[in-house]
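Colleague: One-letter residues, chain by chain:
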Amino acid sequence: MEIIKELLFGFSVALTPMNIFYCFLGVLVGTLVGVLPGVGPPAALALLLPATFYVPPASAVILLAGIMYGAMYGGSTTSILVNIPGEAASVITCLDGYQMARKGRAGPALGISAFGSFIAGTISIFLLILLAPTLARFALRFGPPEYFALMVLGLSILVYLAKGSIINALIMVCFGLLLGTIGLDPLTGVPRFVYKITTLMDGIGLVQVVIGLFGISEVLLNVEKTFKQEIFETKIKGLLPNREDWKRSIGPIGRGTFIGFFLGVIPGMSVVIPTFVSYVMEKKISKHPEKFGTGVIEGVAGPESANNAASSGTLVPTLSLGIPTGASTALLLGALMMHGLRPGPLLIKESPEVFWGVVASLYVGNVMLLILNLPLIGLWVKILKVPYHFLFSLIVLFCIIGSYVTNNNPYDVVIMVIFGFIGYAMKKFDFEAAPLVLALVLGPMMENAFRRSLVISDGNLWVFFKRPLSAIFIVIALFILFSPLFLRKGRLSEDLRSD
Amino acid sequence: MLKNLAVKGYIIILLISFILCINYASAQDYPKATVQIVVPFAPGGATDIFWRSVADSLGKNLGGTIAILNKPGGGGIVGTSSVVNAKPDGYTLAAGNSDTLNLTPLFTRDLPFDTINDLTYIAKFAIFLHTVAVRTESPFKTLEDLVAYAHANPKKLKAGTPGVGTTPYMALHIFNQDAKVEIVPVAFGGGGEVVPQLLGGHIDAAFISIPPIKSQYLAGKARILAMFSEKRHPAYPDIPTAFEKGYKKTVITTGIGLVGPKGLPSSIVKKWEEVAEKTMKDPNVISTIQKFDYVADFKRGEDFRKEVADEMAFFKDLMQKAGIKPGAKK
Chain A
2 MEIIKELLFG FSVALTPMNI FYCFLGVLVG TLVGVLPGVG PPAALALLLP ATFYVPPASA
62 VILLAGIMYG AMYGGSTTSI LVNIPGEAAS VITCLDGYQM ARKGRAGPAL GISAFGSFIA
122 GTISIFLLIL LAPTLARFAL RFGPPEYFAL MVLGLSILVY LAKGSIINAL IMVCFGLLLG
182 TIGLDPLTGV PRFVYKITTL MDGIGLVQVV IGLFGISEVL LNVEKTFKQE IFETKIKGLL
242 PNREDWKRSI GPIGRGTFIG FFLGVIPGMS VVIPTFVSYV MEKKISKHPE KFGTGVIEGV
302 AGPESANNAA SSGTLVPTLS LGIPTGASTA LLLGALMMHG LRPGPLLIKE SPEVFWGVVA
362 SLYVGNVMLL ILNLPLIGLW VKILKVPYHF LFSLIVLFCI IGSYVTNNNP YDVVIMVIFG
422 FIGYAMKKFD FEAAPLVLAL VLGPMMENAF RRSLVISDGN LWVFFKRPLS AIFIVIALFI
482 LFSPLFLRKG RLSEDLRSD
Chain B
155 MLKNLAVKGY IIILLISFIL CINYASAQDY PKATVQIVVP FAPGGATDIF WRSVADSLGK
215 NLGGTIAILN KPGGGGIVGT SSVVNAKPDG YTLAAGNSDT LNLTPLFTRD LPFDTINDLT
275 YIAKFAIFLH TVAVRTESPF KTLEDLVAYA HANPKKLKAG TPGVGTTPYM ALHIFNQDAK
335 VEIVPVAFGG GGEVVPQLLG GHIDAAFISI PPIKSQYLAG KARILAMFSE KRHPAYPDIP
395 TAFEKGYKKT VITTGIGLVG PKGLPSSIVK KWEEVAEKTM KDPNVISTIQ KFDYVADFKR
455 GEDFRKEVAD EMAFFKDLMQ KAGIKPGAKK
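Heads up: the protein sequence lines correspond to chains A and B, in order.
For the first sequence, counting from 1, position 62 maps to 63 in this note's numbering; every step adds exactly one.
For the second sequence, counting from 1, position 81 maps to 235 in this note's numbering; every step adds exactly one.
Hints listed in this document are in silico derivations from the structure and should not be mistaken for laboratory results.
In this text, a Cβ means the ideal position worked out from N, Cα and C, and glycines have one as well.
Any given hint could turn out to be false.
[As the list claims (entries may be wrong)] Cβ pair distances, simulated, as ranges:
(1) Phe483(A) - Ile270(B): 49 to 57 Å
(2) Leu479(A) - Lys460(B): 55 to 63 Å
(3) Gly400(B) - Lys467(A): 32 to 40 Å
(4) Asn271(B) - Leu470(A): 45 to 53 Å
(5) Phe22(A) - Asp471(B): 52 to 60 Å
(6) Val368(A) - Lys403(B): 54 to 62 Å
(7) Lys403(B) - Tyr196(A): 33 to 41 Å
(8) Arg138(A) - Asp264(B): 40 to 48 Å
(9) Pro18(A) - Gly400(B): 57 to 65 Å
(10) Phe22(A) - Tyr303(B): 51 to 59 Å
(11) Gly355(B) - Pro290(A): 49 to 57 Å
(12) Leu470(A) - Gly417(B): 40 to 48 Å
Work the whole structure out from these sequences, hints included.
Modeller: Written out as structure tokens, the structure is:
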């Protein structure tokens, strides 16, 4: 009962005209930022942070949180329409979303993405309210060994992303892991594969790789085809998800919400990971896993819900413990501190209007985003009707902008172009990009976690098994890796036998 | 044919004249465009917050807009090197923290530039202090407890640091030498990553700056055993310094300064020095940065450079005596 009172108080804060305005501004900017490839919430937050100085604290945080949310909604738009992730988290949506668009079902894809995000957002807000303190304490239990074990688990299910040859997917995973080693060694500062090129000191940028591998390569491929066939089916089959779509999506949305939220709580968890876990899970439970990658709605509904839920999840340690979980939440904390607030366990006591106001505004923001995005679907779908030879030049332009703007570094564009060509070659030879991207994300995290674990344990490898949480993850990973050998059914075992 | 030539010639002349228009700024009309300050660290970190909170006042005093750009990586090297090769027109500058300038070079091989001589030192603005902290559940109630345990158990204590080549990391090594103990450093990606590890009990202690640990300290979830400055921090009169406890060598703070590419016109540097001095005297600015526990400390460009260079010599000497090699594992 207490909580209802607090929540109502929060709504009273969130629903003042000024805060409604800030919420709207936030989600609008967030959506735009999300749609622009390569520009993610951290960039927008960083830009607007100084502006929030003059604004009361609750409003500032409402604005910034709105941006985080809006970006999640917006990011899926370009993923579905033109196969370019609006930001790293939307990579998975490209896999089936874009294929749906090509079949003339862009509308339902965008629609289920919006609805899924809304439902996930709503549920996760309640989870946030109810579980925040417990979850935050749980999040603290993740030390380097636990991170390593989780990453190993992640790697073990990476292969399930593949819709084609498993061996090719594994090759891509290795390639991704190798790419992840480029840069300065995090524990000793020794340069690896840098060859004195300063841009590479920080490693190959994920954004540039993703835009190149997905966006540019797709453009290159399509430009070949336009002379022979249409890229998108001209007959648009409906603008909103139909009953069949809903029936198939409810499960993925629900599962995606929980996966996204609970994984998002872990500090340092990249938002890409919950989306990919959701995708793989849906594929595994589906009655027709081989259709994944050709445009099934479950492949959009699950990941989209997951990424929205994960954004709420990342707020749990931030709001209840004052611990940043990533670049966006770090900025959010910075904003709170700039206003003289003390993020951390005391926030809810000292500034309840900020805490509850923000929580309530998350819900308000979700509603706004739904209302904002649904009518836009009609507009977006019309864009697909533009003849490809006009569309693609715009796509390339936005790709260039997106990859440059992250670091204002022209060499980033070069990297994007190189990966565009690599991606094109990959598509020709039936190598998939998704495993590479995920390996690029997981690899460095895994390595850092592994090495730190060993420093902490003085070189003792058993540390991963002596701690219950990490042991569990590793055992699950081993099980997943070796189960195809024993189970008779399953595509993996068939593939292994046929390859 | 001739017409073609004429058109081409005209275009070439146009292009050349555009290029010639890009001239170097003089102090009178500086800044004509947005001045970009590259912060070579991730957003939300201590340095980043400092620059974002003073950007407004600085911009006003400078007479232009300041944009902050984050280019994290390599302990500050990636962002700083992007400025080393920038045009010295005063529109691309970098936040130059003393540790990026005199510590990181000692720990990074194949550094593409000389941090002391390949940059123009514009001004020093402030300093921030570093601490050694433990969580409340820790058995160490004072610095002496920590040292006693460390003496008895060499290499057993694991302390998190924000990364190789950062000031707290160096503080740990200096402290190890001073107190004659062997605390093992565990490098993370910034203070923000260290704090949850400390709270979760995965590391025994943390050597970090104040901002990441502050809210935990105030909430009673963490204890700050000591700070590494000569005098106690004015906002934290109850926290002792390592210096007063007898560790006379463990005095190390990070200077927050501004640097630019080599060859920056001295008129621009002078203008910045005036702006910096004025801004750091403004009581509004002082109260803002104090919210983040910075202490204003203005120095002119050349004085800052000298301070950084002298400190670097001190570190080099210390590392030699301690046997820490550049690019080494610890």
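Colleague: All hints are to be evaluated individually against the structure, with a verdict given for each.
Modeller: So, going through the hints one by one against the coordinates:
1. A C-beta distance of roughly 56 Å is found between Phe483(A) and Ile270(B), which places it inside the suggested range of 49 to 57 Å.
2. For the pair Leu479(A) and Lys460(B), the supplied restraint of 55 to 63 Å holds, since their beta-carbon distance comes to about 58 Å.
3. At roughly 38 Å, the beta-carbon separation of Gly400(B) and Lys467(A) lies within the given 32 to 40 Å, and the hint holds.
4. At about 50 Å, the CB distance of Asn271(B) to Leu470(A) agrees with the hint of 45 to 53 Å.
5. Under the hint 52 to 60 Å, the C-beta atoms of Phe22(A) and Asp471(B), about 59 Å apart, fit the expected range.
6. About 59 Å separates the C-beta atoms of Val368(A) and Lys403(B), a value consistent with the hinted range of 54 to 62 Å.
7. A beta carbon spacing of about 39 Å between Lys403(B) and Tyr196(A) agrees with the range 33 to 41 Å that was offered as a hint.
8. One distance hint, 40 to 48 Å for the beta-carbon pair Arg138(A) and Asp264(B), holds here, with the actual separation near 43 Å.
9. The hinted range of 57 to 65 Å is satisfied by Pro18(A) and Gly400(B), whose Cβ atoms lie roughly 60 Å apart.
10. The supplied range of 51 to 59 Å is met by Phe22(A) and Tyr303(B), whose beta-carbon atoms lie about 55 Å from each other.
11. For Gly355(B) and Pro290(A), the hinted distance range of 49 to 57 Å is not satisfied, since their beta carbons lie about 41 Å from each other.
12. Here the CB-CB span from Leu470(A) to Gly417(B) is close to 55 Å, at odds with the stated 40 to 48 Å.
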